[in-house]
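Visitor: Note that the protein sequences, when read in sequence, are chains R and Y. Count the first sequence with our numbering and you get residues 1 to 268, in order. Count the second sequence with our numbering and you get residues 1 to 600, in order.
Keep in mind the hints are simulated off the structure, nothing from the lab. Please note that the accuracy of each hint is not assured.
[What the hints assert, rightly or not] List of simulated lysine to aspartate or glutamate pairs, DMTMM-like, C-alpha gap at most 25 Å:
| # | chain 1 | residue 1 | chain 2 | residue 2 |
| --- | --- | --- | --- | --- |
| 1 | Y | 211 | Y | 306 |
| 2 | Y | 33 | R | 139 |
| 3 | R | 154 | Y | 30 |
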Amino acid sequence: MCCMIDSDIPIINSKLLREKIQENSIRIVDVRRDQEYQQGHITNAVNLPLAKLLADDSSESIQKIAQDLGISDETPTVIYDDTFGALSSRVVWALQYIGHKDVKLLDVTFSQWKDLGYEISTEVPEIETATHSVKINPEIMATAEYLEKVKENKNVVIIDNRERLNYLEQHIPGAINIPYRTLASDGKILRTKEGMKTLLKNRGISEDAEIITYCGSVGTLSGLAYYALKSIGVSNVKLYVHSFKEWKSLEKPIDKQENANYWDLSAE
Amino acid sequence: MAQQLRPSKPADKQSKIDWSRRQEAENFAETVKLFRQGKIDPDMFRRFRLQHGAYGTRMTDDYAMVRIKVPAGQVYPNQLEKIAQLSEMYSIGSAHFSTRENIQLHWVILEDVSEIMQSLSDVGMTSREACGNTVRNVMCSPMSGVCKDEIFDTTPYALAIARFMLRNPICQGLPRKFKFNFTCCEKHGMIRIVDVGLLPQIQEIDGEKRKGFKIFLGGGLGNRSFVGHQLEDFTPVEDLLYTSMAVIRIFDRMGDRKNLSRNRMRYLVNDLGWEKFQNLVLKERAVVKATQSVIVKLNIDDSVNEIQRPISVNDESASIPDGYARWEKTNVEKQSQSGFNSVFIGLEAGDITANQLRSVAEIIRDYSAEGFARNGFSQNIVIRYVHDDDLKSMYSRLIENGLAKTGSLTMASAVGCSGTTSCNLALTNSHRLAKEVQRKFLELNYDEDDDLKDSTIKISGCPNSCGQHQIATIGFYGGGGRHGTDMFPNYTMSLGGKFDEDAMLGHHTARVPVKRIIPVILKIIELFKENKQSDDTLAKWIDRVVSGNESSKITGVDDIKKAIAPLIVPPNVEDEPDFYMDYGSDTNYHTVTGKGECAA
């Protein structure tokens, strides 16, 4: 079934994609804005602006989007963006959520792809719609209710992927902070496996833990963290897809770093 | 963009000295783990952490501040880019330039410090011995090598001392921290307020011109401040190392290890009396020299820096960018090398974003003929060897990146320590206050006022002196005040501090509530304007006032006190709730402090 990579890790190396690019059976999806896509994209890529997916992320809507992009249950699919992999992560996750089994995150951004000197094109491929089923994968998603229920469990680690100052100001009680910038390495959207393992080891996070990631509002930055964890084979990861925005609107408890004016250290 | 027009950029200059030691990062990570598991005594861990340059953070054990040493302030483009990246990955997306030429990353998770150390090794930097009871970052004037008044460039000596002392067993457990400052001239350095201050001198001995120093010992700012004493008329460069070792050995042997509040060397000098201390140093130096089993020498790299102006593309027709004259007047210093300038980049209280750091790196590559920058003494960056013809274009680049703040070389660039933004000891948000003062000064165009140019404003958030308030023309340190049962941030103001050849500590004048500091400063300037002589400056006038030599309407500090008295009366809390809140805070002020670590 999976023709592109021989492991369960849903990430594809840019070099490998380049070799496979001419295979018509692969669907490459560019999740930047339409305008950016029109100016040039990876050869053969089709466009799905992330906003379209976020406008309605019900499983039926995701199913329709997949079908419109010509993605059937069997279509090997690769997603990329130009926003350090956060947007593409969110789309990969959505497809996995409705049960697509062969979807991969490209390990570079569009800019990095170009820097590598790989092929781009302005041609828009024709799309033949396909049929995609919905087989929800509930174990990869966390809801606020679920998070609240398990957050005290010893084996559960909650990771906040927003920037440090936002985290200091307010976060879900018990959450630890790994800013999304920590996840990248030079020229790639993710750290090396070794680097990612060291980060977790230093932080005392077991790879056997149940890890729930969240960020500001729509699960993009935390989506990237989700795949950073997947990249080293952490098996039990969940994305709290509606993230801190929903948590706050539900008036759930919030923690804060008190008695310090850290914002005044920022030069922003 | 300009750089695309340049056919080839000269190869990136990189630090010749690798200050790092890679295995320290892994060791740090392991030690943090043992500490978290309770296998290391917290006090021992704290000493270890400080030795490696990780300072504690306000009210929490979870975070640290990583202080990256920049010996002699020399910083390279690739280093700035690395720090930019690290600030986004592990800190708050901004970095901080300190008054001692360090670059600091705040609010770093303790468990991530080792990753920072690891990455710093990639660019030859270290945080080792940036805190703790060690020889701290060895400073050198940012104008060394380009200053019109300097006798010779002391940078190679500063670097050599830094190299000799770093990780040297003789300075791993001193009674307290120990500071070296080298300078080009009296005006640009701060040689009389540190343990060892060095001013270059040349003396003719037997018809031969010899390099050497005037060495000042036992100065320092703090709860009690002292001005350093000159050791001898002339110390030849050959004796630099022996003298330094002698002083450190005496301090190590005789310094107070018990009384944390008075264990800096200046207290030892004060307790013994200068003459006795001086004799001890001279004797010890003879012993150091006589008892060497092998000749110990400083590794001085005297090779000449390559000066190569980056290929510039001057657009002759380009119009002069708005605000250029004001910026040039207040941020640019002519060098002793004809045609070249040192450009001061002012930052608000030393803070800079990751993207700005990247821009500075690019601007150094594009404009500096020496290919690196120097950290200044006032939380700023100095890009040197900028050609006259490139200044306008450089200014445009600085504007694009939000780095063209005017007034860097003037009173407008107020210094503020980190205060309650991150420091355990702080009582007030001195950091934000410095930014507020600077904004007000720039709004009033005070940076352009020649009368104010040689004055300074420096602010500390507690009686300790990271903000160096005692040597400011107008200095402040934070504390709490009370009106009835309500507390408000209240600063002690000192006037007339100086750090040059007439070094003097400021004169405590009044206590000023935080929300009255700007009005009080403006009032003092107003009094000066009313009473000044024709060629006066504020600094000169204040100097006369505090020493009782002023003959105008304001004859002494008491007259200033009288004039500002109406401004500093606390209002009732109902009438002005804001008075009772510190900057950056929307709740009523109360003092909260944790345990200080300077002495650990």
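Visitor: Are the hints correct? Go through all of them and say.
Guide: Status of each hint after checking the structure:
| no. | hint | result |
| --- | --- | --- |
| 1 | Y:211 <-> Y:306 | holds, 23 Å |
| 2 | Y:33 <-> R:139 | violated, 32 Å |
| 3 | R:154 <-> Y:30 | holds, 23 Å |
Hint compliance for this structure: hint 2 alone is broken.
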